[in-house]
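Protein chains: 2
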Amino acid sequence: MNRRPLILLSNDDGYMAPGILFLIEVLRPLGDLVVVAPNTGQSGMSAAITVKTPLLLNLVSKEEGLSVYRSTGTPVDCVKLAMNQVFTERKPDAAFSGINHGTNSSVAIHYSGTLGAVLEACMNGIPAVGFSLDNHSFDANFEPARAYMEKIAMAVLKNGLPEGYCLNVNIPAIPELKGIRLCRQARGRWIEEFDKRKHPQGGNYYWLTGNFHNDEPEAEDTDMFAMREGYISVVPSTIDMTAYSFMENMKSWNL
Amino acid sequence: MNRRPLILLSNDDGYMAPGILFLIEVLRPLGDLVVVAPNTGQSGMSAAITVKTPLLLNLVSKEEGLSVYRSTGTPVDCVKLAMNQVFTERKPDAAFSGINHGTNSSVAIHYSGTLGAVLEACMNGIPAVGFSLDNHSFDANFEPARAYMEKIAMAVLKNGLPEGYCLNVNIPAIPELKGIRLCRQARGRWIEEFDKRKHPQGGNYYWLTGNFHNDEPEAEDTDMFAMREGYISVVPSTIDMTAYSFMENMKSWNL
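In the order they appear, the protein sequences are chains A and B.
Residue numbers are given in numbering that gives the first Met the number 0: position 20 of the first sequence equals residue 19, and the series is strictly consecutive.
Residue numbers are given in numbering that gives the first Met the number 0: position 165 of the second sequence equals residue 164, and the series is strictly consecutive.
Because the hints were derived from the structure by calculation, they are not lab data.
Check each hint, because a few of them may be wrong.
[Said to hold, decoys possible] Below, computed lysine-lysine pairings styled on DSBU-like, alpha-carbon distance capped at 30 Å:
hint, chain 1, residue 1, chain 2, residue 2
1, B, Lys197, A, Lys90
2, B, Lys51, A, Lys51
3, B, Lys250, A, Lys157
Between the sequences and the hints, there should be enough to build the whole structure, so can you do that?
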């Protein structure tokens with residue numbers, strides 16, 4: 000019986016993105032890998048699911064220890080298809096998503112397709128981790144993160160994660176990383192600056208742009224602070240969004 | 000100076016959906032309304048944002064106390080456009096999304112476009128509420144919820160909500176509602192059952208279907224339990240997904 004860990008990989012940049020190719024390279028010694036990732040880029044797709052159109056799922060390649068599937072769906076669709084159509088005999092021992100080209104720290108966890116895949120795996124009871132590098136370019140250098148990613152992956156495979164919890168890992172794009180820090184999600188938001196342009200047929204159209212605003216740049220326990228200091232941030236995250244601390248207060252509303 | 004509350008409305012079923020028309024009817028006596036909602040249905044779009052194509056935003060109608068805009072974007076895009084292009088002089092006092100045709104209890108908060116709009120308003124510091132009715136049909140009866148929705152909306156306009164908190168309100172589709180209960184998000188997941196069909200050009204294609212599985216059907220403090228008992232569930236929710244309770248435990252990993 001094969002006791003090597005069985006590992007699901009996905010992302011939101013597409014199955015051929017350099018980030019997922021590097022992730023495959025890092026994880027390959029640790030287990031048998033099954034990639035189920037989108038055909039093309041799905042950045043900003045959050046935990047979106049495809050309800051109005053059917054999905055395609057195709058095997059791209061299969062060799063000892065590595066199968067690659069691509070799908071027309073979102074990152075969440077990919078994980079759903081993986082769990083239901085690919086892992087029919089044995090559930091994966093862990094799921095890893097990324098490496099995203101671009102950071103997903105702070106509230107970006109809500110918009111990110113990379114983290115959408117992580118949340119979906121988490122809902123399915125699979126210990127899941129999202130990796131993101133703070134560099135959007137195609138030729139970003141993932142190498143400095145290799146040893147740290149391996150360490151995190153091995154720890155997750157060894158310890159698992161309690162039901163409903165997952166990890167959001169963000170990596171500064173610098174040549175010499177200082178280490179890993181456990182953090183909380185920084186409070187912040189995008190200050191949207193739509194680029195408004197004249198439509199050739201009249202009226203306007205809008206490109207979403209915007210800059211991120213950190214509401215608490217000096218808070219040392221946040222992911223954004225850790226990254227600025229040169230550390231990889233690990234935010235243990237929960238799919239339970241209930242605001243328990245506010246519930247007591249709300250009772251006075253007498254609804 | 001106009002001191003009437005200024006209220007943003009959005010949804011994920013489109014600006015002409017019966018659910019948002021009913022919401023307009025309920026809220027109209029409470030303030031000046033600005034609807035910025037998608038052109039067409041965006042169910043399951045979660046907190047997705049549109050990064051690869053530009054967006055259109057068009058004024059549909061404008062009368063005393065009610066302006067309606069539609070956009071080609073997702074629910075989150077609609078809120079972003081509203082905050083940046085429509086509310087240029089005064090921020091809204093509250094935001095309401097829905098009424099969704101279909102429940103968004105438990106983990107559906109992660110997939111729901113209705114709640115995506117709520118999270119976005121919340122990130123922008125606006126007290127925000129998502130309303131969903133447990134009935135997918137076009138001619139769903141929203142009437143039994145009217146007085147309760149009014150009560151919740153008035154309470155939010157009076158009390159506000161602390162930064163980073165929002166409300167996820169789910170309404171059973173029954174003629175006689177018993178009242179309102181403050182709840183936590185039930186633990187559960189979709190048991191996906193893809194409908195696999197033969198593609199006319201060879202291979203397969205997959206329709207996402209699936210049934211929801213409640214992991215804790217007897218937990219009386221959950222939204223799903225409250226709804227089953229005939230109550231409207233209100234889950235105070237937070238955009239901070241950090242798993243604080245697990246952080247201490249994870250320190251033993253020595254990352």
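Proposed proximity, Lys90 (chain A) with Lys197 (chain B) (alpha carbon, max 30 Å): Holds, because 26 Å separates the two Cα atoms, which is no more than 30 Å.
Does Lys250 (chain B) pair with Lys157 (chain A) here, judged by a C-alpha cut-off of 30 Å? Holds: Lys250 (chain B) and Lys157 (chain A) sit about 15 Å apart, inside 30 Å.
Verify the proposed pairing of Lys51 (chain B) with Lys51 (chain A), using a straight-line Cα cut of 30 Å. 20 Å, holds
In summary, this structure violates none of the numbered hints.
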